[in-house]
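If you want the building blocks of each chain, they are given just below.
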Amino acid sequence: MSRIVTLTTDFGRGDYDAGVLIGVILRLAPDAQVVDLSHDIERHNVLEAALLLERCTPYFPERTIHVAVVDPGVGTERRGLAARLGGQWFVGPDNGLLTLMRRAALSAGQEVEIIHLDRPEFWLSHVSHIFHGRDIFASVAGHLAAGVPFSQLGGPLEDPVLLDAPQVLPTAGGWQGAVMHVDAFGNLSTNLEAAHLQGSGSPLIRIRGRQIHGLVRTFGDGGPGELVALIDSVDRLSLCVVNGNAASTLGVKAGERVEVGFEQLP
Amino acid sequence: MSRIVTLTTDFGRGDYDAGVLIGVILRLAPDAQVVDLSHDIERHNVLEAALLLERCTPYFPERTIHVAVVDPGVGTERRGLAARLGGQWFVGPDNGLLTLMRRAALSAGQEVEIIHLDRPEFWLSHVSHIFHGRDIFASVAGHLAAGVPFSQLGGPLEDPVLLDAPQVLPTAGGWQGAVMHVDAFGNLSTNLEAAHLQGSGSPLIRIRGRQIHGLVRTFGDGGPGELVALIDSVDRLSLCVVNGNAASTLGVKAGERVEVGFEQLP
Amino acid sequence: MSRIVTLTTDFGRGDYDAGVLIGVILRLAPDAQVVDLSHDIERHNVLEAALLLERCTPYFPERTIHVAVVDPGVGTERRGLAARLGGQWFVGPDNGLLTLMRRAALSAGQEVEIIHLDRPEFWLSHVSHIFHGRDIFASVAGHLAAGVPFSQLGGPLEDPVLLDAPQVLPTAGGWQGAVMHVDAFGNLSTNLEAAHLQGSGSPLIRIRGRQIHGLVRTFGDGGPGELVALIDSVDRLSLCVVNGNAASTLGVKAGERVEVGFEQLP
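Protein chains in written order, with the working numbering: chain C, 27 to 292; chain B, 27 to 292; chain G, 27 to 292.
Rather than coming from a laboratory, the hints here were simulated on the basis of the structure.
Among these hints, one or two may not hold up.
Identical chains blur together in the list; that is why a pair holds if it fits in one copy or across any two.
[Stated by the list, open to error] Below, computed lysine to any residue pairings styled on SDA-like, alpha-carbon distance capped at 25 Å:
id: 1; residue 1: 279; residue 2: 136
id: 2; residue 1: 279; residue 2: 219
id: 3; residue 1: 279; residue 2: 135
id: 4; residue 1: 279; residue 2: 173
id: 5; residue 1: 279; residue 2: 183
id: 6; residue 1: 279; residue 2: 190
id: 7; residue 1: 279; residue 2: 186
id: 8; residue 1: 279; residue 2: 210
id: 9; residue 1: 279; residue 2: 110
id: 10; residue 1: 279; residue 2: 38
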């Protein structure tokens, strides 16, 4: 039973904590394959990690275990949880990390089951109050990868913490969404989907006092330095500066409001 | 059939696209082992990636699959390809990434076979026009790792795009080569081989108006701050500043001309 | 015999040498799983790597092979070695990298056996004088992972180079230790253990002219910007600035002296 375990953390690369997580998992499940999704989540940015999980996990096979450790509340009363979302699993703190994966699973009609990690027999024998990633989450993931049934890892948890993540709302003449992610090139990925760009006219996009008329098909369809809008690889509206950095040009970051309207072209 | 798949991209580490490639590959070939060669290729620097592939791939076992995604032409008419180079495979865009691997395979007398990735049954069902790395290349690599025969993945491609990569040329009294790669420490790796440093006299190396007389055996043979020349671990001429950064000291980057002559020592 | 091999180097991420190590290992042991502990050790910082190995390796399973390449002496007469430390193995240069792993194994009553890598039949056929990481250490690790008995890889080595790593010393009224590691967030991890903070009174910690009275349980127990002391996840004294960077605030780095005394609270 070769099982895949992914890691998503805010540890950064210069530190050794990611290696320790891998050690804990492989000690329990030596045949697991551990895959780094990202260790470069902005520190304590739960929403960024939730978004990454929403966008990456659909490409992984059934029975993949996703461990996320972005955990500003470690050492407080915040709970740990594991979730079955369709055919995959999530393990991490109960702070909203699974919000978007859960929303996607529910809207795809998949079954969602969440448990409270309340059984210390599946944790390391010494649990520190500052590194549950190692002592609880990696250990639980290791047991799961080694074949322990999900339902044995804890009792039911009915009220997971969920993020108030921006949703798309209707406006008078279109939609209001938000920048959800800024990638390494400064491109702005929004929560507006391709369908939101279909309306009575040509789309007119507004962000930070700037207007973009219509969509381009690829970067190559805009001139250098031009602010353009396109439908990205995950079928969402993305705003980019050709050969440049939209985030720094506009001075915006995740959370910035984006509005879509429609105009009649002459 | 546990198969190794390597990844070489310009995605950077802060982004999540590398994780998505891994997911696509493992969904098709759950027993594959995915290895990151580099996600830090300079954006759109096809030559840098070609060089990395030339230098790393000989150390990998037969049947390794190398996926490279440095793809400035995505969304245009540029083709995708896969290649069999001796006992290994390459999958990526047809933009010259395989130039140096192919040159090495041919000069080693290995068989080279290239196909056009023109069969959508081996791609993801929805192909975006901006992320063929995921939708085509990772998917094709996953099928190959899962045992689909190479020849089924596409029809023959006779005219792959090849880079005009610097080659070593003879001069009146020696050789003219070029800096091919600047490593993390600012050392300059050239395309001049150990054999080019053998001549009638002691080697005299010229770069950017500077002269280096003779070779040292290791860094330790030069004084701090001294510009030295040595034969590096891949049997090529490398120029270094001891305890310093040759690239920033000289103000040079990949492509810079390097000349080798010979002088009589008194 | 699926075997785990970890890598710890100072290569940085932008370079391709780590990929080459992986290739060499997998060519000899295709079923090995290679895990990156860190490629971000400060260049030539042997102590930092030794500390990472001490702290990470206990979490890995028996029979894990740890390869470390932080090797300022490559090309000189410095020897290569392999060690059996309890149930795990180490492979790397004889420059003190195993100092802390060895100290921990001995104080846990484990058997330690060290050999000199003096048998070229387990190296790559062409050994450069500047990249033993690839030509000797990765190759030896690959043979070990493939099942070659440890004792065949070399003859006994009785006098390994050991670092003069800071140890905790008693003072008139307490203990003197040192900062051993600065993490990505600027937190200062020391070699003082929880037991050193137990004394006749409340602990009083001194570093760089600053005093810290008592310990907090978690970051959350201090106000923003406050310098606090706590017992960290590896049971050691750690000094942190809440929501800040202790290393830059205090202007200290690894090696800085830390003193513990005790005071009577009114």
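Here is what the structure says about each hint:
1. 279 - 136: neither (32 Å within a copy, 51 Å between copies)
2. 279 - 219: within (19 Å within a copy, 42 Å between copies)
3. 279 - 135: neither (32 Å within a copy, 53 Å between copies)
4. 279 - 173: Neither. Shortest intra-copy (41 Å) and inter-copy (44 Å) distances fail the 25 Å Cα cut-off.
5. 279 - 183: Neither way: residue 279 and residue 183 sit 34 Å apart in one copy and 44 Å across, limit 25 Å.
6. 279 - 190: within (17 Å within a copy, 40 Å between copies)
7. 279 - 186: For residue 279 and residue 186, neither the intra-copy (27 Å) nor the inter-copy (41 Å) Cα distance is at most 25 Å.
8. 279 - 210: Classified as both; 12 Å inside a copy, 23 Å across copies.
9. 279 - 110: The answer is neither: 32 Å in one copy and 44 Å across copies each exceed 25 Å.
10. 279 - 38: both (20 Å within a copy, 19 Å between copies)
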